[in-house]
Amino acid sequence: MDTLHRLLKRQVENHLNGMEITNELKTFILAVDKAYVTHDQDRSMCERSIDLSSQEYNEKMEEIRMLQSQLVQQEKLAGIGQLSAGIAHEINNPLGYTLSNLATLKKYLDKVKAFLETLKSFENTLEIANDGPVQEFIANIQEARKINKIDIISDDIEDIIGESLIGLSKIEKIVKSLLGFARTSISAELEDYDLNKGIKDTLVIANNEIKYFTKVVEDLGTIPSIKAVGGSINQVLLNLILNGVHAIKETTEEGLLTLRTFEKDDLIFCEITDNGIGIPKANIEHIFTPFFTTKPVGMGTGLGLSIAYDIIVNKHSGRIEVESELGKGTTFRLLLPLHHESKV
Amino acid sequence: MQIEQVLYDSSGIRHNTFTNDLKNKAQFVLVFGTKELLLEKRIYDELRDLYPSAYFIGGTTSGEIYKNIAVENTLSATAVYMEKSEIRFACAAIENDNCFEAAAELATKFEDKDLKHVFIISEGINVNGSEIVEGLTKHLPTDVTLSGGLTGDGNHFKETFVIANDYPKKNCIAAIAFYGENLKFGYGSMGGWSPFGIERVITKSKNNILYELDGKPALDLYKKYLGEFSEGLPATGLHFPLTVRSKDYSHTFVRTILGIDEQQNSLIFAGDVPEGHYARLMRANCDDLIDGSLQAAQISLDSIGGKSVNLAILVSCVGRKLVLNQMVSEEIDAARRILGNETIFTGFYSYGEISPLNRETICELHNQTMTITLIAEV
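So the protein sequences, as listed, match chains A and B. Residue 86 is where the first sequence starts when you use our numbering, and the numbers rise one by one after that. Residue 73 is where the second sequence starts when you use our numbering, and the numbers rise one by one after that.
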């Protein structure tokens with residue numbers, strides 16, 4: 086009876102004090118004691134369940150909040166991609182006929198120049214004749230040629246058309262890259278995707294960020310096409326390339342960004358190596374965590390690498406590896422399987 | 073139908089005095105008892121003397137259901153004689169954990185013609201109950217119903233024994249088959265447990281062994297929830313059964329723990345826990361469980377057409393007994409309120425219940441339920 090539940094012990098003392106505890110009464114008290122103990126155990130288990138469940142709910146809510154932010158960011162990027170593809174498509178049309186017209190204009194110029202040469206040769210032939218009115222006519226023509234700078238224009242117009250053709254060809258390359266980069270943002274379906282072309286298109290898009298800070302080395306091997314959501318992979322490439330450039334910007338070294346692709350063991354490898362500031366060891370394990378950023382407020386969302394992880398690992402059954410050394414640089418390695426089931 | 077019952081107390085002493093009217097008439101005897109009594113040859117021999125020509129079927133339990141109460145450390149025997157119906161018996165050994173094959177072999181031993189119902193008692197530990205049910209249902213005619221249960225071993229989860237018309241043995245399935253036009257059966261199964269907390273994905277499992285939920289060891293999760301009571305695993309795991317559903321919501325079932333494997337960090341359940349399915353922990357309070365028993369009785373009575381019932385075999389889960397504790401007989405009372413005083417009750421606390429949920433559904437393995445089989449001869 087000494088080991089009774091403390092409440093029951095008190096109740097026995099208060100209510101049965103001095104009473105003879107028969108065997109029947111003792112059995113009854115022990116049954117009540119067992120019920121008290123069981124109740125306490127149940128309550129303790131119930132309280133723990135509530136605490137753990139609440140904790141798990143909060144963790145899940147946090148996960149949902151992060152996924153929601155990722156989704157919004159991905160939606161935004163997809164929207165921008167879609168818009169860019171639309172604009173590129175609109176530009177592509179007039180660009181096509183402008184290029185074509187300029188090429189025609191260049192051909193016409195050649196004909197006009199040939200005609201002017203013929204005219205000049207007539208002038209030279211007639212210039213030696215002693216006929217007064219003819220001389221006066223020739224002088225008028227030469228005067229008009231001089232006043233209207235026909236010779237200068239004739240030389241200049243060729244340069245103008247040549248430079249315009251070069252400029253428009255550059256625009257054409259950018260527009261085509263933009264179309265290549267963004268076209269698959271519209272679709273989330275797996276398609277045949279050429280990673281090397283994706284890298285080239287992405288480099289054109291990122292060129293403005295790259296060209297003032299770093300030299301780019303393209304070491305692109307012969308690799309087969311894979312089934313992938315091209316727009317998503319391009320998004321990852323753009324993110325890793327820009328991260329590399331940002332890391333380089335923070336050093337005084339001459340920037341070098343190397344992009345390497347190769348095939349090994351049924352996997353396509355893509356390594357993006359910069360000689361930037363590198364990532365501290367303590368940060369490496371957090372870089373794929375949503376909202377983790379070391380950039381100043383307003384400069385980075387902290388979602389880029391977490392989205393990259395989601396795209397490569399979850400959506401394409403691939404892997405992302407990272408190697409970094411402070412002051413030396415960083416290599417991000419994407420490993421994409423040649424064959425995988427759609428998870429998109 | 074005529075029935076008589078005897079009960080042996082924890083000392084192995086037979087309690088009731090009766091005239092043994094069914095001595096040479098009883099067709100089958102349902103024997104449910106605690107391991108200590110069931111393994112006592114003297115008791116088996118005594119029962120065999122009482123009913124020399126009857127088929128004996130039963131096994132070890134985690135508690136016995138006798139008349140209106142749930143008891144433990146006893147052995148009950150219920151002898152049945154059906155004037156207008158025929159009973160046949162068969163058994164099969166589970167070899168190399170091939171539960172499906174053993175069940176299939178058992179099913180083929182019964183002639184199909186006029187077969188109405190099969191009642192089985194199975195090994196309770198070294199078993200995958202889902203495979204037993206699948207093996208039987210695939211090889212029995214579609215209009216033949218099936219019910220029964222897995223034997224128990226108190227809260228110990230060490231070894232169970234089956235009586236297959238002989239002295240008890242391990243790794244065995246015993247069955248009696250009911251033949252005849254005058255037989256009516258009713259079934260009902262209900263739990264009373266409620267899911268709580270977050271839903272998790274079964275990320276690693278093999279048949280009835282669960283390794284990971286949401287990519288984390290499932291055993292760790294149970295230990296975290298049980299706290300200091302985790303030392304009592306696997307028995308204390310009965311406080312938190314799992315409700316499991318398929319991705320498309322087409323299948324939902326409850327699973328209860330039979331064992332743990334510390335080295336593999338895994339949990340062994342009574343039935344399949346398929347990878348890719350979703351799982352939630354469950355909890356219950358006494359009122360919900362008692363109400364579940366009441367509902368199971370009502371469903372079984374409705375399914376037999378509300379007629380007078382001769383015999384009710386109640387198979388309830390050991391997990392319910394653990395939660396109900398001193399109130400365990402309340403769930404027998406609840407069933408009694410629905411089924412009336414004329415119906416004879418027998419049954420046991422098991423490691424798994426087998427029955428259709430109601431008349432419209434197919435037979436399945438259940439856990440944490442009160443499962444009632446009603447038998448009437450008209």
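Worth flagging that the hints you see were computed from the coordinates, not collected in a lab. Any given hint might turn out to be false.
[Said to hold, decoys possible] Simulated crosslink set (SDA-like; lysine to any residue; CA at most 25 Å straight-line):
{"hint": "1", "chain 1": "B", "residue 1": "Lys278", "chain 2": "A", "residue 2": "Glu147"}
{"hint": "2", "chain 1": "B", "residue 1": "Lys295", "chain 2": "A", "residue 2": "Asp277"}
{"hint": "3", "chain 1": "A", "residue 1": "Lys261", "chain 2": "A", "residue 2": "Asp277"}
{"hint": "4", "chain 1": "B", "residue 1": "Lys295", "chain 2": "A", "residue 2": "Glu144"}
{"hint": "5", "chain 1": "A", "residue 1": "Lys119", "chain 2": "B", "residue 2": "Lys319"}
{"hint": "6", "chain 1": "A", "residue 1": "Lys258", "chain 2": "A", "residue 2": "Leu187"}
{"hint": "7", "chain 1": "B", "residue 1": "Lys139", "chain 2": "B", "residue 2": "Asp186"}
{"hint": "8", "chain 1": "B", "residue 1": "Lys319", "chain 2": "A", "residue 2": "Glu147"}
{"hint": "9", "chain 1": "A", "residue 1": "Lys119", "chain 2": "B", "residue 2": "Phe257"}
{"hint": "10", "chain 1": "B", "residue 1": "Lys230", "chain 2": "B", "residue 2": "Glu183"}
{"hint": "11", "chain 1": "A", "residue 1": "Lys111", "chain 2": "B", "residue 2": "Phe90"}
[To be verified] Non-contacting residues of chain B with respect to chain A, defined by C-beta distances greater than 12 Å in every case (computed):
{"hint": "12", "residue": "Leu111"}
{"hint": "13", "residue": "Asp117"}
{"hint": "14", "residue": "His189"}
{"hint": "15", "residue": "Glu271"}
{"hint": "16", "residue": "Leu298"}
{"hint": "17", "residue": "Gln398"}
For clarity, every value in this text was computed on a predicted model and none was experimentally measured. Even for Gly, the Cβ is constructed at its ideal location relative to N, Cα and C.
Note to self: If you test the structure against every hint from before, which numbers come out violated?
What the structure shows: When the structure is compared with the hints, numbers 1, 2, 5, 7, 9, 10, 11, 15, 16 and 17 turn out to be violated.
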